[in-house]
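Chain by chain, the residues:
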Amino acid sequence: MPTATKQLDELIGREYRHGFYTTLETDTVPRGLNEDIIRMISARKNEPEFMLEWRLRAYHHWLTMAEPQWANVHHPAIDYQDISYYSAPKSEKGGPRSLSEIDPALLRTYEKLGIPLKEQEVLAGVAVDAVFDSVSVATTFKEKLAELGIIFCSFSEAVQQHPELVKQYLGSVVPYTDNFFATLNSAVFSDGSFCYIPPGVRCPMELSTYFRINAKNTGQFERTLIIADRDAYVSYLEGCTAPMRDENQLHAAVVELVALENAQIKYATVQNWYPGDKEGRGGIYNFVTKRGECRGANSHISWTQVETGSAITWKYPSVVLLGDNSVGEFYSVALTNHYQQADTGTKMTHVGRNTSSTVLSKGISAGHGQNTYRGQIKVLAGAENARNYTQCDSLLLGDQCSAHTMPYIEVKNPSARVEHEASTSRIGEDQLFYCTQRGIAPEEAVSMIVNGFCKAVFQNLPMEFAVEAQKLLGVSLEGGTG
Amino acid sequence: MLSVKNLHASVDGKEILRGIDLEVGAGEVHAIMGPNGSGKSTLAQILAGREGYQVTAGTVRYLEQDLLMMAPEERARAGVFLAFQYPVEIPGVSNALFLKTGLNSIRKQRGLPELDAMDFLQLLRDKMKLLGMDDTLLQRAVNEGFSGGEKKRNEILQLAVLEPKLAILDETDSGLDIDALKLVADGVNGMRNPERAIVLVTHYQRLLNYIVPDQVHVLSQGRIVRSGGAELALELEQHGYAAIEDQGAAHASA
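As given, the protein sequences belong to chains A and B, one line each in that order. Numbering-wise (the working numbering), the first sequence opens with residue 1240 and increments by one. Numbering-wise (the working numbering), the second sequence opens with residue 75 and increments by one.
Hints are computed from structural coordinates only; laboratory data are not their basis. Misleading hints may appear alongside valid ones.
Covered stretches of chain A (chain B as the covering partner; in silico rule of three or more C-beta atoms under 8 Å from a C-beta of chain B) [said to hold, decoys possible]:
hint : segment
1    : 1671-1678
2    : 1683-1693
Computed list of chain B residues with no C-beta within reach of chain A, every gap over 12 Å [said to hold, decoys possible]:
hint : residue
3    : H82
4    : S84
5    : T130
6    : R199
7    : K203
8    : A254
9    : H313
As the structure is a computational prediction, the values presented were derived from the model and not from experiment. Idealized CB from N, CA, C, for every residue including glycine.
Chain B extracted, bound-state conformation (with noise of 0.2 Å):
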């Protein structure tokens, strides 16, 4: 589904991505880990088709698309979505409007009737009710006075409404407490299936615990450094991030 072939990225001349291969198949769930500033949120940034930064070599494909391309709202409409590291907030702007406007889109390009008003509230509500979320969530701004974990609560609502074949979440367990962490666990398991692929981006293997994945990968300065199955976040959870990159440095000096 997704294919990334040697991935050069910079920001402001300095290169933060330095040769990313990736293959993610549908139905699986792929985790990238790496300490900070070794290029993770870069990599899920640049998926998503943020501005601001150049892509200087290779090639990202999904389904069978140059994804590097299409724009963000083509790329959402196409299945790409993005659960933000740090939601933003915007003001004024209900929740459920926000949400409304963001289906429709990707519903009228995938051929789709838009969903009136009184379809859509009761689909979120059903949705709602998966996540154990408060109903008043709906009629506030969208992130505004949220505390950490509603807005992370938000992005998971976000994902299993808008239902993409492709999923990416950046540091989604950033800043949750442990019933947080397992509600939005929960939700991501929820959403697992045969026809979606999932990107969890963490920093941490606590998040691992809860949602097993398929494959976890190490990125070390713009590089993945090594790749392996669940156990891996295991053996970094015990030897640190600082052994696998001097592996992985000697793996590539070798």
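For reference, chain A alone in the conformation it holds in the complex (with noise of 0.2 Å):
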């Protein structure tokens, strides 16, 4: 093997920082999925009748379902009866005022991934609706969203508090016949993030979430619903980390967005699930159905994702732009290394006219990686003038690694106008060069150069998320040099 190859090697071959699991006593549902089992999870949180038909519905329409295929990732069979679907915290039961109510453990773990809830409280500004495997823990700065109207809670609670918005938009842009990950999530989602804005009011903070995926052997299946009502304004930001497992896990989460007239919706992602170890062994299956829908004129939704976790990730973060001059936008930096696989991308459908749409996504392999870019762009034959640019760059570090682009076009429309650019580089031995020759260590070269590759992206997430972006990158393409 060629030095610097070897190098580049050594670089990527760092373990994962947030292999650690907390000790906590569980309130799990037995093995399986069955209609008890989704009576039982709808009885624990206290549902009403129109969410259990709902899971009933999706239930029996997902047991005519096939697990799609057509994804360029490789992976054993899933066996859903040896799943577990509802795990949560027994402290839950008491209901959690604040912080200090809060499973000290439960806190420790946060603290180790670098999310003290306190300080973000106080010091950031940001409010945080922690989803601890299914049940959310904490949520913060819900008073003060709530004077403007505004509600972000878990979507438990707003099942409970607010379920003629759920009823009325649950379901709405990704419906429970939608596909099989998100028909089964349908059925057996056991909490998520719920977020309304009412009209003309600007958010005035970026509400955020973590995921953290903690029980053994327990599928996570959240579900998020935002909906931001005419004029108004709202950035929200999930960022995800798992601790280290043998077994893998599934993941098929949900998340729909809702733009009414002159809305705009910002949705980032930091993902970084465990993504297995350096033999491929374990890490999370990321099946997430990820979708917005520019209901009204004039309406903006933007994606940005930055996906460096998971063993297999599979999401395709979409736009419906169905009101005249709405936009949608989807920016993505993945990264796979050892032997993760990605296959990502998006989906932009132009209904209305003058509508147009951007995507952007940067694709880096390492070691053994695999990465996929899948969009399509389809332009209806009603969607005059509509206009969109894509950009798929790929980079490669190391010879085992590969990278893919798949575009789909299809356009029904004479006036409309799509361009898409596509390039595959490699870091250079040049480059390494280049940067050691100017006393760079190699390492800080690496992760300076796939930066500087992601840049574009990295411009479109807040400011906070994009200085986490950048350390996310480096530590995920460190090796054990030190």
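With the hints in hand, could you dock these two chains into one complex?
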């Protein structure tokens, strides 16, 4: 092996830093999936009848579906009867009213992850709705937001407190029949976040959620629903990390965004689930359905994602551009190292007139990582003057990894303008030598080059998230050279 | 400062350097000249620590250290600088960040405090003014979209900021028009001092009109076939490499 390649291999060989898990007493339902389990989940959450009915419809539909095979990912068959579909920390039963009521072991877990809730509450001005396994354990800043009429709470709470909003919007973007994993989620989802911004309100802070998988053999099925009413604005951040496991864990989340007239939603994700070890053992299967609907005229939805974790990522945050002049954006950095596989991209569906979309995807493959961009641009017959610009760049580190680009373009209106650009490059020995000749350590050089490659995407992240994302890329690539 | 003894090196089994001997003292400027393929760029690359060359015999001492045992970044931090013949583009990384990271790595090694963004920018602006460079080069990505002349001047800017002890300039004059050449030469001349050694690798005598060397070495087929003062470069200009190579061959076989 050439020395430069060996060096890169060492650099990217570093072990996962968040590999620990917390011992908590949990309330877990037996493994397996059937009507009784779904009734049990719904009953534990004290849900109204319409929720149970919706879950059961989804379950019966799911029974008729087969797992999709089209993605460019490979994994052993998942036994859906061997998964426990609900797990909640026991302390949840009392209902924590403040951070002091929260299990200290749980808080320590977050601290190790660098998410000190207390500090965030005081210093950062970020409202955090922390999801630990399936149940939301802390929601901060809620009262402050409530003064503005903003609802930001766990999904379970929304079902209890605002059933009319849930009933109106749940499944309106991602119906329970949508796809295998979304349908499974609709049947069994345990919690997630809910956010509603009333007309004319600009949410004054970044809303943030951290997800973390902890209990063994527990699939995690969150559901997030964000509604920006007329002239409203919200920026939402989602961050994920998970502790080390030998078993693979299934994560099938659904996120629905609704933007009404003149509303804007920015949704940013930093996903750092456990990616599996160097040999590809363990790691999260991240099969997620994320879709936004620009329902009103002049509405605007943008997705920004930094995906560095999971053994397998299967995810296409999409925008349906219904309203005239609406705008959809997708900015993505996906990094695969070791034996990670990512099949990710977006779907922009132009329905309204003068709609426009921008797609910027940066894929980084290292080790034996496999990275596929899959994107679909669809311009329907009524979408006069639709515009799309897509750029997909791939960066390869080492010679064992691969990158694929699969753009699908479907245009039914002759006034549409759709552009696609793609490039693939390799971190050259040239670039590395140029940096080291200026005194820069090799691992710092790789991190700098990769961050430079991703710059155009990071620019779309809120400041503090951009810094975190840069560090995360560095950590994900660094090797045991120290 | 730099002592190269009987250096042999090959690439993919092909011998490029066949016994180089070179002594460069502090404060001296040496020019290494030779036709294409004579091995002069290979020598520059090996001194800077580039991968892909096999040193098969000989030694290189730099400030009492075995240079060949040091990683490229260690050499840089110890004061070895190479101005690249083909400066590399690094998209998305600003020129300022790149240089600041390099400078601070070097300062750290020397036990100096790292410069913060403000002090660094001030330093950079001062150096750029000296070189007649445009401020906008700072925020542009490293060498991306730079013209040939801008790339070469950027190398000289890095030289000026990093203040190495041993500067090796690999064909820095190639592709420059006369005005750019003068600017580059002024920059290099401004760097001459009793503590610093400079090695100019060049094909043409032209650069040496502006940077007058203490010694000139002619490289041919991996060996130094002649060494002399600045006047040797003029001789080359008049008679071409062929004449000197012939002499060298005659000398070697004698």
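Hints and how they fare:
{"no.": "1", "hint": "1671-1678", "result": "holds (count 7)"}
{"no.": "2", "hint": "1683-1693", "result": "holds (count 7)"}
{"no.": "3", "hint": "H82", "result": "holds (20 Å)"}
{"no.": "4", "hint": "S84", "result": "holds (16 Å)"}
{"no.": "5", "hint": "T130", "result": "holds (17 Å)"}
{"no.": "6", "hint": "R199", "result": "holds (19 Å)"}
{"no.": "7", "hint": "K203", "result": "holds (21 Å)"}
{"no.": "8", "hint": "A254", "result": "holds (21 Å)"}
{"no.": "9", "hint": "H313", "result": "holds (35 Å)"}
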